[in-house]
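Chemist: Once you know that position 183 of the sequence shown is 183 in full-length UniProt numbering, the rest is easy, because the numbers rise by one and skip nothing.
The hints are simulated quantities; they were obtained by calculation from the structure and are not laboratory data. Glycine residues also receive a C-beta, built at the ideal position from the N, C-alpha and C atoms. Check the hints yourself; a few may be wrong.
As the list claims (entries may be wrong) - FRET-style restraints, in silico, Cβ to Cβ:
| # | residue 1 | residue 2 | range |
| --- | --- | --- | --- |
| 1 | Arg67 | Pro148 | 35 to 45 angstroms |
| 2 | Gly136 | Gly68 | 35 to 45 angstroms |
| 3 | Glu24 | Asp149 | 47 to 57 angstroms |
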Amino acid sequence: MATLPPLTRRQRQILDFFAKYTTENGISPTLEEVAQEFGLNKVTIFGHVAELERKGVLVRAAPGISRGLRIVDPDDVAPSTDDQIPIIGRIAAGSPVATIEDPETFSIRDWIPSGADVYALRVQGNSMIEDGIHDGDLVMVEKCSSAPDGATVVAVLPGEEATLKRLFRTKSGFRLEPANASMEPIYTPHLEIRGVVLGVMRRYGRRS
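Construct the entire structure; sequences and hints are all you get.
Modeler: Below you can see the structure in the form of structure tokens.
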């Protein structure tokens, strides 16, 4: 009999909640309902759920369906692959936007540092074009909670909006600098760093 992959305490709690909710209601919970259950914001829950999908214990029936996640029977869990990382939503490269609830996966081999905890985000907007990051690109992000000045980071603002910008510290907080001369920086007293950009990938030609 197959066994579940190693889970963190929070991941186990979320998985147990999915099982209980589905048994009692006949449908799976939305991320908002999961967030309310644990008193966390949707961005945080989104990351946990994306990890559970990556580990193969939750599966999405179809993209864009809010109640489309279901628990995978342990006997059906396929061995994990090291060349898949989650695309956990969209990231603003213009005005900040809320993270979108539509995880995908992206296969990649021999591209990221060994042992790095990496995920992908699809860029939305053109605030980073002077750094070669364009609307529709995939940025590879190493998950971390701190970064040096000048690093391009995934930053979550106090309103739980996520944005991709260069990070600089100021006397009163932080400055998030776009790489686009036509756009203004964002000043904020507080933010949460969710990762540092390692690189960018772009698909040329027609997009589906």
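Chemist: CB of Arg67 to CB of Pro148, is that within 35 to 45 angstroms?
Modeler: holds (41 angstroms)
Chemist: Is the distance from the Cβ of Glu24 to the Cβ of Asp149 consistent with 47 to 57 angstroms?
Modeler: holds (49 angstroms)
Chemist: Does the Cβ distance between Gly136 and Gly68 fall inside 35 to 45 angstroms?
Modeler: Taking Cβ atoms as reference, Gly136 and Gly68 lie about 24 angstroms apart, which means the hint is violated.
Against the hints set out earlier in the document, a violation occurs for number 2 only.
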